[in-house]
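For the sequence shown, the numbering used here gives the first residue as 3, with consecutive numbering after it.
Hints were generated in silico from the structure; no laboratory data involved.
We put the beta carbon where it would ideally sit given N, CA and C, even for glycine.
Among the hints, erroneous ones may be present.
Label pairs and their computed distance ranges (CB to CB) [to be verified]:
(1) THR33 with GLY339: 21 to 27 Å
(2) TYR490 with GLY339: 31 to 37 Å
(3) LYS211 with PRO443: 39 to 45 Å
(4) GLU340 with PHE234: 41 to 47 Å
(5) ILE146 with ASP108: 43 to 49 Å
Derived lysine-lysine pairs resembling BS3-like cross-links, with alpha carbons at most 25 Å apart [stated by the list, open to error]:
(6) LYS386 with LYS212
(7) LYS386 with LYS73
(8) LYS88 with LYS351
(9) LYS181 with LYS441
(10) LYS441 with LYS4
(11) LYS150 with LYS181
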Amino acid sequence: MKCMKLYPNDTVALATQELKKGDTVEINNETIVLLDDIPNAHKIALQDFAAGEGIRKYDNIIGYASRPIKKGEWVHEHNEATGLGKSKEYTYDFDPQTTIMPGSSDETFMGYLRRDGSAGIRNYLAVIPTVFCANGPLEHLSEIAKEKYPMTDNFDGIFPLTHPYGCSQTGYDLELTCKILSGVIQNANFGAVLIVSLGCEITDPVELKKYMGDYDESRIKILSLQNCEDEFETGMALIDELMENVLSDRRQPLTFDKLHIAMNCGGSDGYSGITANTLLGTLCDTMVKKGATMNMTEVPEMMGAEHLLMNRAINEDVFHDIVDLIHNYEDYFAKYGEKASDNPTQGNKAGGLTTLEEKSLGCTQKGGHCAVTEVLKYGDRATKNGFILVSGPGNDLVCVTGQIASGAVLTIFTTGRGTPCGFAGPTFRLSSNTALAKKKPHWIDYDAGRLLSASTSEAVDALNQELYDAIMSTVNGDYRTCNEKNGYYQMGILRDGVTL
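My request is simple: use the sequences and hints to build the entire structure.
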């Protein structure tokens, strides 16, 4: 198979290998002679286009011809332009016949039940600073603690989550930092957290506690560097107290309404929306039917596909929340004189994606066919089960941290170009193409590129089941993701304000 057409009404096809000018391809029993070299995963014009005419993929407009295009030409940024730029008005058109509603199940997973009713799939001890000034001592303290407390069957290790924030902030920007720090600290994957404060920062423990509410002081303790003589001796004494509880934790059977999973993507290519995100969308449908919470973010990468999400809003209130989500991000870009349509990166374009609309239509495949049950502001915690949207930018580190702060205990991350990054917990990574999975097996947990060669419904079903089994093995602690094996953990926070 040299190329593929995704939907009957599409006006471009996807090259599934490198093609040369003069080659022929067969689409719907029609032979098309290629007028250009076509890179792998890039688009082929299936008709002539007049300048300004819409180009269709995923059965939606992905952009407009910026000049006349001939059938058989390569369609990319030299002849296609985005249609984004003006704010839109939306109408609500919910179809219950094609939308999957939240369900329930007696099926269980093995997790750690926390005092607040949330459930972790790991039992880590995290060391988290309130401010960047504490990063150095914190990392050294973590290394000392790792030597004393190795991993066990019921303890998944100690790691620091350093960051460059926590001082010289004010107003809304300070509020975002405090909300995210609070949410990450209280994530259910952490059997315990040692908060490390310098002692004079703007996000000191007094300020942070305003956002943490009624927290378990036997599981969360605070070390103030300026208020002790030997921070390593004092810090280890606090870690010893915390570990008394952590080492007694055990997994137990829990129903799926306790399971919260984040979905994200980065380094996307032309296959991402066709293989990895499509398989993840089917998984999302399955998990939501069983009662789980699945969240998705990256608001800029909803633009161009936002109407699909809006029409899956579970009610009109949620519909208006999604409209506000999009308009608020349009205002955010406008405030700084920037355009959301600049989101696709050089790597995205090299991988076959041209416009933000095309990228978004592929990105939103992760949500399957699920009703949207809730829309969260950045830093807020989830209150609903089902498929929820979390406000956040297209930046992987910042938005995944927001998803984890909302309560997610596993991040499923799709990529076409490849990335080794881990976040504040287990990150299960799918490659959109087999070449990447073979090249970077120490980055990739699952090869979704095999979907391209799945020629029967049975073969597709087998891949969907294999992915579900792999995710459940990860959830139950039987499989450790590549980022866990590599020890790659990090966090980031959205900055939106002045630096004092």
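Evaluation of the provided hints:
A hinted range of 21 to 27 Å for the beta carbons of THR33 and GLY339 is inconsistent with their spacing of about 48 Å. Separated by about 35 Å at the C-beta atoms, TYR490 and GLY339 satisfy the suggested range of 31 to 37 Å. As the Cβ distance of LYS211 to PRO443 is approximately 44 Å, the hint placing it in 39 to 45 Å holds. Between GLU340 and PHE234 the beta carbons are some 45 Å apart, a value that agrees with the proposed interval 41 to 47 Å.
Checked against the given bound of 43 to 49 Å, the beta carbons of ILE146 and ASP108, roughly 45 Å apart, stay inside it. A distance of roughly 23 Å separates the Cα atoms of LYS386 and LYS212; the hinted pair therefore holds under the 25 Å criterion. For the hint pairing LYS386 with LYS73, the CA-to-CA distance comes to about 48 Å; that exceeds 25 Å, so the pair is violated. The suggested pairing of LYS88 with LYS351 holds, with an alpha-carbon distance near 23 Å, which does not exceed 25 Å.
Of the supplied pair hints, the one linking LYS181 and LYS441 is violated, its CA atoms being roughly 39 Å apart against a limit of 25 Å. Distance check on the hinted pair: LYS441 and LYS4 sit about 22 Å apart at the alpha-carbon level, within 25 Å; holds. Taking the CA atoms of LYS150 and LYS181, the gap is near 32 Å; set against the 25 Å cutoff, the hint is violated.
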